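Chemist: This is what each chain is made of:
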Amino acid sequence: MTTLLIAEHDNASIKDATNKALTAAAALGADVHVLVAGENAKAAADAAARLSGVKKVLLADNAAYAHDLAEPLAALIVSLASSYDAFVAPATSRFKNVMPRVAALLDVMQVSEIIKVVSSDTFERPIYAGNAIQTVKSKDAKKVITVRTSTFAATGEGGSAPVENAAAAADPGLSSFLGEEVAKSDRPELTSAKIIVSGGRAMQSRENFAKYIEPLADKLGAGVGASRAAVDAGYAPNDWQVGQTGKVVAPELYVAIGISGAIQHLAGMKDSKVIVAINKDEDAPIFQVADYGLVADLYQAVPELTEALGKLGK
Amino acid sequence: MKVLVPVKRVVDFNVKVRVKSDGTGVELANVKMSMNPFDEIAVEEALRLKEAGKATEVVVVSIGPAQASETIRTGLAMGADRGILVKAEGHVEPLAVAKLLKAVAEAEKPGLIILGKQAIDDDSNQTGQMLAALLGWPQATFASKLEVEGSDFKVTREVDGGLQTVKLKGPAIVTTDLRLNEPRYASLPNIMKAKKKPIDDKNASDYGVDLTPHLEVLKTAEPAGRKAGVKVKDVAELVSKLKTEAGVL
Ligand SMILES: Cc1cc2nc3c(=O)[nH]c(=O)nc-3n(C[C@H](O)[C@H](O)[C@H](O)COP(=O)(O)OP(=O)(O)OC[C@H]3O[C@@H](n4cnc5c(N)ncnc54)[C@H](O)[C@@H]3O)c2cc1C
Ligand SMILES: Cc1cc2nc3c(=O)[nH]c(=O)nc-3n(C[C@H](O)[C@H](O)[C@H](O)COP(=O)(O)OP(=O)(O)OC[C@H]3O[C@@H](n4cnc5c(N)ncnc54)[C@H](O)[C@@H]3O)c2cc1C
Chain P
1 MTTLLIAEHD
11 NASIKDATNK
21 ALTAAAALGA
31 DVHVLVAGEN
41 AKAAADAAAR
51 LSGVKKVLLA
61 DNAAYAHDLA
71 EPLAALIVSL
81 ASSYDAFVAP
91 ATSRFKNVMP
101 RVAALLDVMQ
111 VSEIIKVVSS
121 DTFERPIYAG
131 NAIQTVKSKD
141 AKKVITVRTS
151 TFAATGEGGS
161 APVENAAAAA
171 DPGLSSFLGE
181 EVAKSDRPEL
191 TSAKIIVSGG
201 RAMQSRENFA
211 KYIEPLADKL
221 GAGVGASRAA
231 VDAGYAPNDW
241 QVGQTGKVVA
251 PELYVAIGIS
261 GAIQHLAGMK
271 DSKVIVAINK
281 DEDAPIFQVA
291 DYGLVADLYQ
301 AVPELTEALG
311 KLGK
Chain Y
1 MKVLVPVKRV
11 VDFNVKVRVK
21 SDGTGVELAN
31 VKMSMNPFDE
41 IAVEEALRLK
51 EAGKATEVVV
61 VSIGPAQASE
71 TIRTGLAMGA
81 DRGILVKAEG
91 HVEPLAVAKL
101 LKAVAEAEKP
111 GLIILGKQAI
121 DDDSNQTGQM
131 LAALLGWPQA
141 TFASKLEVEG
151 SDFKVTREVD
161 GGLQTVKLKG
171 PAIVTTDLRL
181 NEPRYASLPN
191 IMKAKKKPID
201 DKNASDYGVD
211 LTPHLEVLKT
221 AEPAGRKAGV
231 KVKDVAELVS
241 KLKTEAGVL
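Going down the list, the sequences are from chains P and Y. Residues 1 to 314, numbered by the working numbering, are exactly what the first sequence covers, in order. Residues 1 to 249, numbered by the working numbering, are exactly what the second sequence covers, in order.
If you're looking for bench data, these hints aren't it; they were derived computationally from the structure. Some clues are possibly wrong.
Computed from the model, here is a short list of chain P residues facing chain Y with C-beta under 7 Å [unchecked claim]:
| no. | residue |
| --- | --- |
| 1 | Pro100 |
| 2 | Leu105 |
| 3 | Ile127 |
| 4 | Asn131 |
| 5 | Ser138 |
| 6 | Asp140 |
| 7 | Lys142 |
| 8 | Ser160 |
| 9 | Val163 |
| 10 | Asn165 |
| 11 | Leu178 |
| 12 | Asp239 |
The model shown is predicted, which means the values in this text are computed figures rather than measured ones. In this text, a Cβ means the ideal position worked out from N, Cα and C, and glycines have one as well.
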């Protein structure tokens, strides 16, 4: 019995999502190998080899794996399938894209976004925007699993596993990469941020996000999130969306500003340790999950808060 | 080019579902059902391709109980040309849905299949990718922009860090994200017209696909609740509580 964890990385380093998915992979009870597929990804493979408990790292270094194309990456994972009983990956956009393709090629049902490993074949996963938790048992001989990373602690370093090269699989040549627009930001990524400040429709413009939300986030060293309404209106980029159909986060502190608290938004943040809501409507549903609610006009309260934190030396 | 759009009947997004007290599932009796919102976006995109002269026919297909024909009618009222209902009772997993859709695709030979990125009930986010794998077609999930280039497609995708643009060799699979378009409402005349549009009735058994679930649902439970906290009177009290009580500053 061996489990293959497929790593989220940027070729130079391993992403925090991998450390968290490793905790889930290890809970299956078998040895864990890690697959690092990328281009010039030796540094990421070396980082994976240092993760505690990893027995072996496979490095598939090839131009075909440079841009997250689902078809070649799925072909690679399937080419390794005979040696493994379970395939685990964090539920990032890369693996939400590729893992179901792997599952179908192996003729098994993927178990999506598990939040708990009950045993090697039984898992808990949220359905209906987290309003119900299903316990499912997989009857497939090989398991394909994606992990909701917000519910697992990160595994640290302390290992020294060997790194082996894995041969590239034949590229089906069905798709090609044309370009990307990736925002460069010094702020922490949403899914690993300890603190998140999110703005909703009440922000009214992208300029107001920059004027009110971002300075507060910078004072707190926080990541910035948004509701779907704010993203749809163009006030915030798509990769900031928190919710059932955006990113699921569970930081130490989540500050929701001008967000009403629709079920779909709550699904993405209600496991945060401490929730603060600032909303001018005292009946907004967000207050039903907030530890600290402030009924106020955000255009007054947010600058005040930013200033008060400044005085605290933040 | 023909465009095939699989549409799923799900609990309406405004409904907060309740878990059954015996833990066997969620309460679905007398709950409002609608077309999965991502599938409305998929139908809309297909219709826009037709209106732009890039598609010749839009076919909607649903797999589910007899009532799934209502979901197909919704698609027809939006403007799709015809429907296919594949009747299947009970638990049909994404893998089985994908196998049935593969059989439908082989019969219909579309140049493009547009699905929702996820169904808002099971939140599996699998069916499109599985269908692409089974057909051996390329896939572009989480699309926010779709352009037809001859028989190929240029698709912009919403990914964790921003946006990615890929080119797919047709025939291909695309799954929709929220920003792809804003779906139209069906007008009353179109709702009337839709009643006369054809729906082909099939049974899952016609396709020889094994529907036996691979996943056994052992139980369905209420998530751990979260209690409302306190209201603070001003920013000063908020900062003080965060510092001393919550210890997060
Ligand atoms: C298929 C589907 C998927 C979805 N997925 C997501 C998702 O992933 N994430 C998500 O967030 N949503 C999602 N939604 C949308 C969700 O249903 C809500 O529409 C959305 O979350 C509302 O955003 P909001 O709270 O910013 O806006 P609103 O609901 O309009 O709330 C704005 C709030 O701001 C307050 N306000 C206004 N002015 C001020 C002021 N000056 N000071 C203080 N407060 C003020 C108001 O009182 C109000 O409570 C989805 C919907 C569908 C159908
Ligand atoms: C009466 C009935 C009862 C069910 N009970 C259960 C249950 O208790 N537990 C359970 O896990 N599942 C149940 N299912 C199956 C479940 O509803 C889904 O069809 C299946 O699990 C697919 O998962 P998903 O919708 O999350 O897939 P996703 O991969 O999230 O769906 C993505 C897209 O695939 C397409 N798609 C998915 N399903 C269909 C479909 N049926 N027809 C056409 N297009 C489709 C849509 O375009 C959709 O947007 C039931 C189905 C029926 C009909």
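Chemist: Hint by hint, which ones does the structure fall short of?
Modeler: As far as the earlier hints go, 7, 8, 9, 10 are violated by this structure, in ascending order.
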